[in-house]
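Work the whole structure out from these sequences, hints included.
FYI, the numbering for the sequence shown is 2 to 128, going by the numbering used here.
Quick caveat, the hints were computed from the structure, so don't treat them as lab data. Heads up, some of the hints might be wrong.
[To be verified] Restraint ranges, calculated between C-beta atoms of paired labels, are given here:
| hint | residue 1 | residue 2 | range |
| --- | --- | --- | --- |
| 1 | Asp77 | Glu49 | 15 to 21 Å |
| 2 | Glu93 | Arg22 | 22 to 28 Å |
| 3 | Pro75 | His3 | 19 to 25 Å |
| 4 | Gly116 | Ala5 | 34 to 40 Å |
Even for Gly, the Cβ is constructed at its ideal location relative to N, Cα and C.
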Amino acid sequence: MHPARLAELTALASDTVEDVRRALPEGLRRAAAECPTILLTLDAWEAEQGESDGDGLLGLFLGLSRAEGEPAGPEDAPRILLFLDSLWDWAEEERARFAEEVETTFLHELGHYLGLDEDEVADRGLA
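The following block contains the structure:
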């Protein structure tokens with residue numbers, strides 16, 4: 002991805018996530034503030050992991066959920082990853098669709114941080 006496009010998408014995704022966080026009810030807003038959101042490309046993440054099996058992956062929750070308790074170390078720290086290149090491809094390179102998918106993916110991964118499984122997240126329309 003071209004660096005200028007990546008910078009544009011990073012800014013748009015960051016603004017979108019912050020708008021979503023501000024719109025959450027107080028209790029969820031506090032929970033969302035506890036879980037950092039990292040914006041990166043799937044290509045960069047796969048290179049760092051030394052794996053290439055996340056084809057089409059839009060986002061990922063890593064670490065312990067709130068239901069699992071306090072992290073024992075850095076690897077257990079909760080975090081949401083949003084993969085800008087995959088989201089851009091999914092949105093067919095349309096800014097409005099990209100922002101919508103960033104919102105949906107962020108809320109989906111936030112659901113996992115709150116302790117919801119895939120079915121529970123899908124039941125809330127975030128699949």
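The hints, checked one at a time:
{"no.": "1", "hint": "Asp77 / Glu49: 15 to 21 Å", "in the structure": "18 Å, holds"}
{"no.": "2", "hint": "Glu93 / Arg22: 22 to 28 Å", "in the structure": "26 Å, holds"}
{"no.": "3", "hint": "Pro75 / His3: 19 to 25 Å", "in the structure": "32 Å, violated"}
{"no.": "4", "hint": "Gly116 / Ala5: 34 to 40 Å", "in the structure": "39 Å, holds"}
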